[in-house]
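Enquirer: Once you've looked at the hints, dock chain B against the given chain A.
The primary structure of each chain is shown beneath.
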Amino acid sequence: MNILQSFKMAWRSIAGKRGRSILTILSIFIGIAAVMTIVSVMEGMKDYTRQQYSQMGSNKITVSIYSWMWDENGNSTGKDYFPDLYNYCNSISEYVLGVSPQGYVNATVSYGTKTTANAQYEYDEQTGRVKSAPPRSFYASDQYLIVNSYELAKGRNLTLLDIEDYHQVCVIGPEAANYFFERMNPIGKKLLFNGNEFEVVGLLSPKGDGTEFNQNDNVILLPYTTRRVLGGEAPTEFQVQARDSESLPIAMSLIGGFLKGLVDNRTGGYNVYSESNWQQYENQYLTMISLVLGGIAAISLVVGGIGIMNIMLVTVTERTKEIGIRRAIGAQKSSIISQFLIEAGMLCGMGGLVGIFFGTIGSLVLGNLLYHITIWPLPWVTAAALGLSIFLGLIFGSYPAWKAANLQPVEALRAE
Amino acid sequence: MARLIETKDVYKIYAEGLESEVRALDGVSVNIDEGEFVAIVGQSGSGKSTLMNILGCLDVPTRGDYLLRGTDVKELSDKRLSRIRNKEIGFIFQQYNLVKTLTVQENVELPLIYQNIRYDQRFDMVKDALEKMGIADKYKHYPSQLSGGQQQRVAIARAIATKPEIIMADEPTGALDSKTGNDILAFLKEFNQEGTTVILITHDNSIAAQANRRIRIADGKIIEDTGVKQ
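Chains A and B, in that order, are what the protein sequence lines are.
Just so you know, we're using the numbering used here here: the first sequence kicks off at 1 and counts up by one.
Just so you know, we're using the numbering used here here: the second sequence kicks off at 1001 and counts up by one.
Isolated chain B, as found in the complex:
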């Protein structure tokens, strides 16, 4: 399997040099290959979300290198990083993060709009994604008219509409009941089986156990890496 993600001694330090200095990431080195299903586990404040933000190109490390498919992310312009987030990474958040003023259809359409995809083509891609998530009938609804589970399905539809290579899910089941949460996990497993690399951030060991590989993080350091289960 080809190397997808490689971090070398990545630090994320806030207020560096001051008394209030916080080391959200304290020398993290991790490699993730194409097609893996990795869970990053840790208590709140352990630095796991910071790690996801850096892996997802939403944030840049204070020190250390992050190579995405061999390219040093530090060297990339904001424009390139935006494009990577747009095309190669699909984000799923705990709080769904749908735009409240847009309908389901428009929310899922948004990343495709930023890709300048033509309307008719866009329409089909949105429809596919919504159908896959089983909520195609809700396309005219606004997020506030949907249940939490449905909103998360819309958010996932938005993440997969662009057919990204990596899905990053930050506590995707955190705000859902266990049954709905299991459905969501089932989707993630399905995407992984289809070849998508899935990185799941969670504080819940039982959820993490469903991944092929667990990376435990505490105080900004990796304290356990199970490696890929055979």
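Bound conformation, chain A alone:
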């Protein structure tokens, strides 16, 4: 008997028992929809975090070096480790592209009447999100641009000389330049940092970061050594840009080894970590959650599968006579088995299709509700859901089908 005929026959008997078929489909679709929603949402979340991390900049290593020593005023007495770290990182340039402190400059910046002292955060009245904010200033090395993926639009970058000689210069982002100088050329203008003059020597290209107020473009970068003028503690946070994802773990362990010899563990400590590691942890975490939830949903699939088996057994009993007739006129065991297997597979496959429909709705709704993102189920998730449901039908249909095929023809014929 050919396959097409088997499908036709299975369809006939499914359509013939409509009410029962619908109930059977129901028993399988809930599980499929649940599994699909869970897997889709988790995959969507992974994708989302991946995007978030890639915006932050990939292959970045964060180094923090902290001190446990304070003076009588409560200020940290930690030494400035940056020159050592800078020299070391530049000595392993096959793995590292650049290094820079990540330190916020706590100073009031002004130009004429414009000052960050009275700059207000503006909020969007409808969403409540930040629309605009005062420019922020950071201590930087000459490699800050590499580390933070900036490009220069005009003028020049900070140089090693600027840093070594405490030059009071700065590089400005386009949003910050717009805030202070509006449409004027910022190069050569002098900004006052707590009353100290800093000359703008460079303008950054817009980078954009997806946030509404382009935070990344609203920056001013100063040679980090100018903290001698502006005050503040020695930088404790540093960003290192690894050459690529292969170099990242090597650079991390090299820098870790270097700091072990450099930092006195009686007076302080250090930490070397990477956002890529965080991403990995978060992915593991999400995978674990999806396994747990998926496991729970899988139980409902097994329950549904047992329901399928039950219904198929009833069907076989009900159709004993028909099986006897078919056997008498020449159906082989394999024909009977395939007839019932295809019927169970089709039923569950239909349950799977309904499940995919509701699973898609589920992931869209949950994605919106929980994370405000649109999660379409991935093609492989959809295909796997359909495959899984058909597989369930075949698994749980196999015992009833086997039972049907092994009925004694003579006895089956006698049944009413």
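Derived from the structure by calculation, the hints contain no laboratory data.
Errors might be hidden in some of the hints.
Stated by the list, open to error - 20 angstroms max Cα-Cα, derived SDA-like pairs, lysine to any residue:
hint : chain 1 : residue 1 : chain 2 : residue 2
1    : A       : Lys333    : B       : Ser1020
2    : A       : Lys17     : B       : Tyr1119
3    : A       : Lys8      : B       : Ile1117
4    : A       : Lys8      : B       : Tyr1119
5    : A       : Lys8      : B       : His1141
6    : A       : Lys8      : B       : Gln1115
7    : A       : Lys17     : B       : Lys1079
8    : A       : Lys8      : B       : Thr1103
9    : B       : Lys1100   : A       : Glu411
10   : A       : Lys333    : A       : Ile395
11   : B       : Lys1079   : A       : Ile395
Expert: Below, chain B without anything else, positioned relative to chain A:
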């Protein structure tokens, strides 16, 4: 005439060795040649249906040999037996045994489907069989929409659609009135004249009398065999 069916000391014993042991067939030896019209006659419980089931490859004997065209049926796989039932034997039952959920057309088509015959060819074969039985106009009906006589015609159409060499009819007229029953018998005679071997199982002597040869069976044993009437 070539030997078609040969049984040697065939036993069918249920619950053998127990007190409740039943010998449905108790050492039956019978030969049937190609082209015969044989009636197997007996009261209910005599073992005649058991004999038909064994001759029709629906059941296997507990002991003894059954040679179908010289081949020992015991040696055959389920697959081969299914094929024999499918191609070489046409069954007609007292209760018609049509699949209720299938139409007349689909019922007659069923054995052809199991033969993997192509659709267009199948369609013609079904049409021929139904026309021969005079019920071609009912092809879209379901069995429940037909009278008993019509259902039996459909069942016969199903049996002859594959052009089998043997037709086995188990009380084919048992559920029908005598006129309809006679029509059915007329068909069987016609098939026999066309060369098909017909084995008719009945408890009714007057029906059995219409066959060329009568084999009487009681308590699982053959008690009379008229041989082929000349």
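Enquirer: The structure should be examined with respect to each hint, and the outcome stated for every one.
Expert: Hint check results:
1. For the hint linking A:Lys333 to B:Ser1020, the alpha-carbon distance of about 31 angstroms lies beyond 20 angstroms, and the restraint is violated.
2. Distance check on the hinted pair: A:Lys17 and B:Tyr1119 sit about 26 angstroms apart at the alpha-carbon level, beyond 20 angstroms; violated.
3. Simply put, A:Lys8 and B:Ile1117 have alpha-carbon atoms about 15 angstroms apart, close enough for the 20 angstroms limit, and the pair holds.
4. For the given pair, A:Lys8 sits about 13 angstroms from B:Tyr1119 by alpha-carbon distance, which is consistent with the 20 angstroms threshold.
5. Simply put, A:Lys8 and B:His1141 have alpha-carbon atoms about 18 angstroms apart, close enough for the 20 angstroms limit, and the pair holds.
6. Straight-line distance between C-alpha atoms of A:Lys8 and B:Gln1115 comes to about 16 angstroms, which keeps the hinted pair within the 20 angstroms bound.
7. Proposed proximity of A:Lys17 and B:Lys1079 is contradicted: the alpha carbons are some 30 angstroms apart, above 20 angstroms.
8. Distance check on the hinted pair: A:Lys8 and B:Thr1103 sit about 14 angstroms apart at the alpha-carbon level, within 20 angstroms; holds.
9. Between B:Lys1100 and A:Glu411 the CA atoms are separated by roughly 18 angstroms; this keeps the pair inside 20 angstroms, and the hint holds.
10. For the hint pairing A:Lys333 with A:Ile395, the CA-to-CA distance comes to about 18 angstroms; that is within 20 angstroms, so the pair holds.
11. Pair hint B:Lys1079 plus A:Ile395 does not hold up; C-alpha atoms about 24 angstroms apart against a cutoff of 20 angstroms.
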